[in-house]
Amino acid sequence: MKTNKIAWSNLIFFTFLFLTGCANNAGKLPSATTYSSDTTSVDNYKYLIGPGDSLSIFVWRNPDISGSFIVRPDGKVTTSLVEDLDVSGKTPTELARQIEEALGKFINNPRVTVSVNNFRGPLSEQVRVIGEATNPSAISYTEKMTLLDLMIQVGGLTEFASGNNAKLVRIVDGQQKTFSLRIEDLISNGVIEENVDMLPGDIIIIPEAWF
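FYI, the numbering for the sequence shown is 1 to 211, going by our numbering.
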């Protein structure tokens with residue numbers, strides 16, 4: 001059991017070093033309440049369809065080809081008239097226009113509405129928490145998600161966590177960047193300034209404390 005604990009700790013440590021570049025130049029994120037359009041596109045977030053999503057596709061005046069469809073692991077769905085539609089990574093509106101174009105070969109001036117149920121989204125949109133969280137997980141991103149929202153979903157920190165040495169790995173303008181997080185201050189001390197906004201694709205790394 002002790003050997004497994006050591007192996008897991010080493011894996012987290014080396015993952016931490018690889019993703020953060022040893023974190024020598026880690027920046028500090030502004031708080032969730034002070035974000036501006038210069039630092040994030042959180043206000044422009046649009047949900048993207050992903051594998052596992054349940055889609056309701058309604059074709060006006062054509063109930064026989066309307067229905068519910070599950071997005072396959074390959075990101076595609078097959079409808080009554082159109083096979084293997086590539087839907088992953090599209091917004092519901094974009095998909096509706098794509099289906100209208102495809103159905104135009106069979107139906108005069110089709111009108112399509114797409115709604116999403118059982119939200120999962122693409123893997124690239126999920127926020128991942130690894131290391132010393134109670135339940136390390138990949139969480140589906142939701143609009144306006146903050147660090148506190150995320151930590152609630154993963155059950156907070158373990159007793160071995162070094163929460164104030166946590167890092168956030170994020171892609172900014174096509175470049176991987178690392179930011180410092182003080183999760184312990186947020187959770188235990190209520191320092192709300194540490195409650196930063198999350199974005200799709202973020203990775204949170206929580207190291208183990210070295211006693």
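Just so you know, these hints were derived from the structure itself, not from any lab.
For each residue, glycine too, the CB sits at the ideal point set by N, CA and C.
Certain hints may be false.
[Claimed, not checked] Here are the simulated SDA-like cross-link-like pairs (lysine to any residue), alpha carbons at most 20 Å apart as the crow flies:
1. K90 to F106
2. K167 to V154
3. K167 to V191
4. K167 to G155
5. K46 to K167
6. K177 to L199
7. K90 to K167
8. K90 to S140
9. K90 to Y47
10. K76 to S66
11. K144 to S80
12. K144 to N195
13. K167 to R128
14. K177 to I203
15. K177 to V154
16. K46 to V154
17. K76 to T91
18. K177 to Q126
19. K90 to D74
20. K76 to S56
21. K177 to R128
22. K46 to I139
23. K46 to Q126
24. K144 to Y45
25. K76 to L123
26. K90 to G75
27. K144 to K105
28. K76 to R120
29. K105 to P136
30. K167 to F119
31. K105 to T79
32. K76 to A96
33. K46 to K105
34. K90 to P136
35. K76 to R61
36. K46 to P136
37. K76 to S115
[To be verified] Here are the simulated distance ranges between beta carbons:
38. G104 to P63: 14 to 24 Å
39. D74 to I192: 35 to 45 Å
40. S188 to S80: 50 to 60 Å
Quick rundown of the hints versus the structure:
no.: 1; hint: K90 to F106; verdict: 23 Å, violated
no.: 2; hint: K167 to V154; verdict: 16 Å, holds
no.: 3; hint: K167 to V191; verdict: 17 Å, holds
no.: 4; hint: K167 to G155; verdict: 18 Å, holds
no.: 5; hint: K46 to K167; verdict: 26 Å, violated
no.: 6; hint: K177 to L199; verdict: 13 Å, holds
no.: 7; hint: K90 to K167; verdict: 30 Å, violated
no.: 8; hint: K90 to S140; verdict: 16 Å, holds
no.: 9; hint: K90 to Y47; verdict: 8 Å, holds
no.: 10; hint: K76 to S66; verdict: 16 Å, holds
no.: 11; hint: K144 to S80; verdict: 36 Å, violated
no.: 12; hint: K144 to N195; verdict: 12 Å, holds
no.: 13; hint: K167 to R128; verdict: 12 Å, holds
no.: 14; hint: K177 to I203; verdict: 11 Å, holds
no.: 15; hint: K177 to V154; verdict: 23 Å, violated
no.: 16; hint: K46 to V154; verdict: 24 Å, violated
no.: 17; hint: K76 to T91; verdict: 14 Å, holds
no.: 18; hint: K177 to Q126; verdict: 17 Å, holds
no.: 19; hint: K90 to D74; verdict: 14 Å, holds
no.: 20; hint: K76 to S56; verdict: 14 Å, holds
no.: 21; hint: K177 to R128; verdict: 15 Å, holds
no.: 22; hint: K46 to I139; verdict: 17 Å, holds
no.: 23; hint: K46 to Q126; verdict: 13 Å, holds
no.: 24; hint: K144 to Y45; verdict: 9 Å, holds
no.: 25; hint: K76 to L123; verdict: 14 Å, holds
no.: 26; hint: K90 to G75; verdict: 10 Å, holds
no.: 27; hint: K144 to K105; verdict: 40 Å, violated
no.: 28; hint: K76 to R120; verdict: 14 Å, holds
no.: 29; hint: K105 to P136; verdict: 47 Å, violated
no.: 30; hint: K167 to F119; verdict: 27 Å, violated
no.: 31; hint: K105 to T79; verdict: 14 Å, holds
no.: 32; hint: K76 to A96; verdict: 14 Å, holds
no.: 33; hint: K46 to K105; verdict: 29 Å, violated
no.: 34; hint: K90 to P136; verdict: 28 Å, violated
no.: 35; hint: K76 to R61; verdict: 24 Å, violated
no.: 36; hint: K46 to P136; verdict: 25 Å, violated
no.: 37; hint: K76 to S115; verdict: 16 Å, holds
no.: 38; hint: G104 to P63: 14 to 24 Å; verdict: 18 Å, holds
no.: 39; hint: D74 to I192: 35 to 45 Å; verdict: 42 Å, holds
no.: 40; hint: S188 to S80: 50 to 60 Å; verdict: 55 Å, holds
In summary, the structure is inconsistent with hints 1, 5, 7, 11, 15, 16, 27, 29, 30, 33, 34, 35 and 36 from the numbered list given earlier, while agreeing with the others.
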